[in-house]
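Student: Sequence:
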Amino acid sequence: MNKTIRRAAVFTLLLVLSLLVRATWVQFYDGQALADDKDNRRNAIALYANPLGNIIVGGEAITGSAQTTGSDLKYKRTYKDGSLYAAVTGYSSQVYGATLLEGVYQKLLDGSDISLKNPLDTLTGKRADPGDVVTTIDPAVQKAGYAALGNNKGAAVAIDPKTGKILAVVSTPSYDPSTISAGNSAVWTKLTKDPDKPLVNRALRQPLPPGSTFKLVVAAAALEDGLYPNVDKHTDSPDPYTLPGTTTPLTNENRSAPCKDASIRVALQYSCNNVFGKMAVDLGQDKVRAMAEKFGFNDTKQDVPVRAFASVYPTGMDKSSTALTGIGQYDVTATPLQMAMVSAAIANDGKLVSPHMVSQTSDSGGDVLKNYDDSAGTKEIVSSGTAEQLRSAMQTVVEKGTGTNALIPGATVGGKTGTAQHGEKNSKTPYAWFTSFAKSDATGKEVAVAVMVEQSDAARSEVSGNGLAAPVAKAMMRAALKN
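Position 96 (the sequence shown) corresponds to 96 in our numbering; numbering is contiguous.
One or more of the hints may lead you astray.
[Said to hold, decoys possible] Taking lysine-lysine pairs in the DSSO-like style, the calculated list, with each CA pair at most 27 Å apart, reads:
hint	residue 1	residue 2
1	K379	K3
2	K76	K143
3	K379	K162
4	K428	K379
5	K143	K379
Please keep in mind that the hints were generated in silico from the structure rather than gathered at the bench. None of the values given here were measured: they were computed from a predicted structure.
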């Protein structure tokens, strides 16, 4: 063989080897990444080749699958009462992906989850029959909240304090997931450009200033720290209270309220800013933050099992800013889920059971794969004595304070109102809040509810936690106690 032929042969062999190496690399290293790529059409074809498993509420499926025509995607997702449950289910779309429970349990619902496969399926790679997701949602409580919020922009969450089961997750305005399941671009564009942001889950994923509802956290810190021995001890609280280092007075909405040196009970009853602003400063931001974090603030991994956005208690403040955090302002933010957790812990003798909105997952035969009710953890937030003191003070708020619109005959109800300022120099309409608990006098059944009304048709002067949010909470609590 002459020199030229030998060189050509070696070069050709190197080319073949390089092709083999590249093919091996693609098959064994890049293959999975390519298979998982969101733009890989084969994934969507496989996902919608068969009916999906279902999301269950109150023993009935609120999802389904319908055959399509003229598409390589054989099935599309359907929803029963889609707008009512959108904040729970999210959507599963052929084009726009999956969110909330549809996204968290996508593999279970399409049959690709490894827990669904038997040994033969594992060997053959066969897709198993899809499983189902059984929620903790109570349809009566969900419907009550959705109807009560009506055309208002807002959200509400209801929790069973004893079990941690989330009974309702409501966000308005809502949308019907069925309208985008097949990838309708016109509907999608309208939803994404809507200034009211119907795709945003306000209950779990929109932390806003909680206003005076946060005073419960400050009160809990003061009682646990021993700053005050009980809710009826007079505090050292001038009215008005001047923010430290400034000449700015921290005044009260009700200028005639008996807020000077008011006890915690009276201060909650009349929502005295001077008391809780000074209390936060007396405690110091570190102690207030520690209590807030015990309740769940600053938790970036709050899964229910949908990942909730973190509610925030800030750091690095001066004393004047710390005072403002004492009334739920400055950079304090909270979701309705977080404020429902505060009331749930207080209602449950100071213990918080991990909130969750999925009771169990099951295979196609109904066999339970995982029971979330059994695995819900419990942690002590405050002592039973502190919780009892706070419950008593919250009852005063509802019986003869700022939360009378939440009164329910035949039930013990406690609550705290909040009207949170926002916008430069409080230029925008305040947020109306109410967080509460109720216990049936006849059955002992309990529920905790938090409501946030972001925007309504009410005049600015009429925006209040009692006027807008408390009636929503009342409707949800009544529905929960009746069942």
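Student: Now tell me, hint by hint, if it's right for this structure.
Tutor: Hint by hint, here is what the structure shows:
{"no.": "1", "hint": "K379 with K3", "in the structure": "81 Å, violated"}
{"no.": "2", "hint": "K76 with K143", "in the structure": "26 Å, holds"}
{"no.": "3", "hint": "K379 with K162", "in the structure": "12 Å, holds"}
{"no.": "4", "hint": "K428 with K379", "in the structure": "38 Å, violated"}
{"no.": "5", "hint": "K143 with K379", "in the structure": "30 Å, violated"}
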